[in-house]
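Residue numbers (numbering that gives the first Met the number 0), protein chains in the order written: chain Y, 0 to 399; chain P, 0 to 380.
In case anyone wonders, no lab produced these hints; they're calculated from the structure.
Only a predicted model underlies this, so the values are computations on that prediction, with no experimental measurement involved.
Some clues are possibly wrong.
Footprint (simulated), chain Y over chain P, 3 or more residues, beta carbon under 8 Å [stated by the list, open to error]:
(1) 35 to 49
(2) 69 to 81
(3) 112 to 118
(4) 131 to 144
(5) 177 to 184
(6) 288 to 295
(7) 361 to 367
Just so you know, even glycine gets a beta-carbon here, dropped at the ideal spot from N, CA and C.
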Amino acid sequence: MNLDFSPEDAAFREEARAFIAQNYPQELRDKQNRGEDLGREDYLSWHRILAKKGWSAPSWPKEFGGTDWTPTQKYIWSEEQARADTIGILPFGVAMLAPVIYTFGTQEQKEKFLPGIRDGQVWWCQGYSEPGAGSDLASLKCKAERVTGDDGKEYYIVNGQKTWTTLGQHADWGFFLVRTDPNSKPQAGISFLLIDMKTPGIEVRRITTLEGGHEVNDVFLDNVKVPVENRVFHENQGWTCAKALLAHERSGIAGVARSKRGLERVREIATTERSDAGGPLLADPFFKRKVAELEIDLTALEFTELRTLAGESSGKGPGTESSILKIKGTEIQQRLHELALEAVGHYGAPYLRDLGHNANIGPAYAEGLAGDYFNGRKTSIYGGSNEIQRNIIAKMVLGL
Amino acid sequence: MDFSFTEEQSMLRDTVASYLADNYSFEQRRDALKAEPGWRPAVWKAFAEELGILGAPFSEELGGLGGGSTDNMVIMEELGKSLVVEPYLGTVVIGGGFLKHSGYAGAADMIASIIGGETIIAFAYAEPQARYTWQDLKTTAKKDGAGYVLNGHKAVVIGAPYATHLIVTARTGGGQRDAEGVSVFIVPKSAKGVTTRDYPTVDGFRASEVTFENVALGADALIGSEGAALPLVEKVIDEAIVATCAEACGVFRRLHEGTLEYTKQRKQFGQPISQFQVLQHRMVDMFIQLEQSISMTYMADIKLADSDHERAKGASAAKVQIGKAAKFIGQNAIQLHGGMGMTDEMAIGHYFKRATMIENAFGSTDHHLARYEGLSLGKAA
Chain Y
0 MNLDFSPEDA AFREEARAFI AQNYPQELRD KQNRGEDLGR EDYLSWHRIL
50 AKKGWSAPSW PKEFGGTDWT PTQKYIWSEE QARADTIGIL PFGVAMLAPV
100 IYTFGTQEQK EKFLPGIRDG QVWWCQGYSE PGAGSDLASL KCKAERVTGD
150 DGKEYYIVNG QKTWTTLGQH ADWGFFLVRT DPNSKPQAGI SFLLIDMKTP
200 GIEVRRITTL EGGHEVNDVF LDNVKVPVEN RVFHENQGWT CAKALLAHER
250 SGIAGVARSK RGLERVREIA TTERSDAGGP LLADPFFKRK VAELEIDLTA
300 LEFTELRTLA GESSGKGPGT ESSILKIKGT EIQQRLHELA LEAVGHYGAP
350 YLRDLGHNAN IGPAYAEGLA GDYFNGRKTS IYGGSNEIQR NIIAKMVLGL
Chain P
0 MDFSFTEEQS MLRDTVASYL ADNYSFEQRR DALKAEPGWR PAVWKAFAEE
50 LGILGAPFSE ELGGLGGGST DNMVIMEELG KSLVVEPYLG TVVIGGGFLK
100 HSGYAGAADM IASIIGGETI IAFAYAEPQA RYTWQDLKTT AKKDGAGYVL
150 NGHKAVVIGA PYATHLIVTA RTGGGQRDAE GVSVFIVPKS AKGVTTRDYP
200 TVDGFRASEV TFENVALGAD ALIGSEGAAL PLVEKVIDEA IVATCAEACG
250 VFRRLHEGTL EYTKQRKQFG QPISQFQVLQ HRMVDMFIQL EQSISMTYMA
300 DIKLADSDHE RAKGASAAKV QIGKAAKFIG QNAIQLHGGM GMTDEMAIGH
350 YFKRATMIEN AFGSTDHHLA RYEGLSLGKA A
């Protein structure tokens with residue numbers, strides 16, 4: 000057992016660090032620093048820079064544009080991005096959909112869709128949850144009926160509603176789970192469809208979340224016509240794709256590198272903020288202990304993730320241990336939000352979203368921390384709630 | 000031993016509850032907060048005239064209903080249930096508290112004007128550097144002839160945008176963090192040299208950064224004794240803490256009830272999710288936290304009439320319980336609502352936001368744990 004990075008890994012870290020320093024868009028950095036909501040082009044700008052370098056899809060097979068990095072290199076890459084506070088590449092295309100396409104898709108689908116995902120040209124959104132199908136995803140009702148069109152081609156006519164579609168307001172395309180056989184068992188009658196969001200009959204409606212942001216949407220589908228060739232894998236076997244995708248959705252969810260950076264930020268804030276005793280808050284015995292406990296918790300998560308990575312590099316795919324990473328990762332992220340909000344005391348209260356930037360009320364680092372705390376409650380709900388993750392561990396790992 | 004409320008207090012509760020049921024729905028509140036001025040003077044007028052509750056804790060000689068802190072508690076719990084933003088706490092509990100306890104010469108007139116709904120008070124005590132150390136004051140009031148000249152910056156003054164008057168803590172002597180030299184002043188918001196920068200808070204109130212620049216005050220602006228007002232400040236803040244704990248109990252009740260209701264109607268895996276034992280136990284734990292919070296609020300209310308030491312211990316102990324419960328009940332209410340709990344359109348998230356802000360109001364859980372330790376364990380050393 001050892002944790003040493005090889006000279007090659009050290010050189011890779013230098014390369015990654017230098018690349019970010021030289022190429023990360025200043026305009027994007029400024030917007031992040033001001034806490035502005037990012038627009039479509041902001042999200043895609045960094046993606047496109049990485050695509051040019053060939054680094055936008057490290058985990059993909061090399062033939063489709065993967066980097067062929069070792070697990071250690073991928074780990075270093077995520078650390079360096081977090082260290083530099085870059086935005087992440089949106090997961091919907093690169094991390095979630097693409098593995099489904101290159102695992103289950105046809106040659107035509109791979110050629111048609113993978114380059115746009117890799118290069119950040121096409122924005123994808125997810126059509127999974129429904130108002131009545133959350134944790135119990137397999138009970139979804141959005142219906143797709145197969146018809147022959149006037150042009151003699153085969154289509155699905157899709158009707159129903161999807162919800163919690165993250166950043167769907169920007170999407171060009173969406174991947175949807177739909178029911179193609181209403182008579183079979185819940186998991187058996189589902190198909191996986193790729194739908195052009197400009198197709199007539201699609202309406203994306205904003206859901207405002209409790210911190211005031213626009214991140215998620217309802218998507219209504221009213222007689223939406225989808226060519227049959229946009230189905231991935233077999234009809235009524237979409238659940239296989241869905242499960243594979245969920246495992247990938249969870250594997251990145253530990254967010255160790257980001258949480259390390261978050262912990263540094265809490266330390267920075269608590270160095271500037273004063274305690275009741277008048278010294279730095281970080282010297283306050285209560286606060287200091289909470290930071291230490293969280294740091295230890297994060298170290299445990301980091302080593303659990305490293306063990307998982309080591310397992311993956313010896314050929315095991317992301318397995319049920321990803322549920323551990325999801326539970327602990329999100330708990331730690333939420334705890335970071337709590338500590339940051341607590342650290343800023345009175346200045347956690349102002350709501351400055353509508354006052355424009357540089358409102359100059361309280362320290363700049365306090366702005367938006369309450370919003371982050373409120374918004375961060377979603378992490379233990381989405382991607383399979385933490386209760387569901389515990390069910391998975393109980394069933395799949397403990398055999399209960 | 001008796002934990003029951005008087006007939007008057009029960010009537011007071013019913014009156015407030017029924018008014019709010021008719022006039023303070025989630026939608027009515029939401030629309031009012033979105034618009035200017037961000038609160039409803041008409042509601043305040045109704046509190047004064049129709050309900051008469053602004054006189055609840057004042058003696059009958061002063062024109063009040065002859066109640067006390069328990070009446071404040073009853074009212075605050077009801078206000079918490081409806082997430083009321085109108086400034087009962089700042090005006091009646093805190094403003095009224097300073098006027099009653101200080102022997103202030105103008106108290107009778109001022110209280111009459113509070114009861115009538117004309118005077119609205121916000122408490123400007125927090126400073127950017129001071130965290131929860133009330134005597135850490137950079138704001139100064141320098142003697143100038145018979146009066147004073149006030150200078151300084153007060154942080155996040157809740158309710159200042161609605162207020163006619165500010166009650167301000169300032170230093171008339173001593174060093175920045177000394178217990179000696181703390182004084183309290185009442186300042187009309189319209190006084191020359193007072194500027195406010197107004198903004199909403201994350202839980203729907205309005206607040207201001209308040210700056211005093213050479214504000215000339217008469218001798219009659221001083222409340223309590225010059226340079227020796229810290230005990231008065233602590234007493235009033237402890238009363239405000241108990242009132243806030245009562246408000247929190249109202250908020251917690253709604254979070255808990257709302258969660259029970261939602262889980263009973265939300266079906267997944269072919270059954271209401273309330274049937275899952277893991278969620279049942281969670282809701283039981285929420286309920287236990289709620290009950291413990293109510294108990295601690297009653298305890299702290301009773302201790303308000305006790306010695307300074309017991310009063311302070313009681314208030315801090317209650318605030319610790321309320322702070323922990325706010326986190327547990329609030330977070331789990333959202334968790335059990337799933338995605339719906341994350342939306343602005345459902346009331347539950349708004350209760351969660353208020354609960355979260357109450358956690359740090361008048362001192363965080365850590366602050367009050369440390370204060371309790373000092374009061375309870377420090378003596379033995």
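For each hint, the structure was consulted:
| no. | hint | result |
| --- | --- | --- |
| 1 | 35 to 49 | violated (count 0) |
| 2 | 69 to 81 | violated (count 0) |
| 3 | 112 to 118 | violated (count 0) |
| 4 | 131 to 144 | holds (count 3) |
| 5 | 177 to 184 | violated (count 0) |
| 6 | 288 to 295 | violated (count 0) |
| 7 | 361 to 367 | holds (count 3) |
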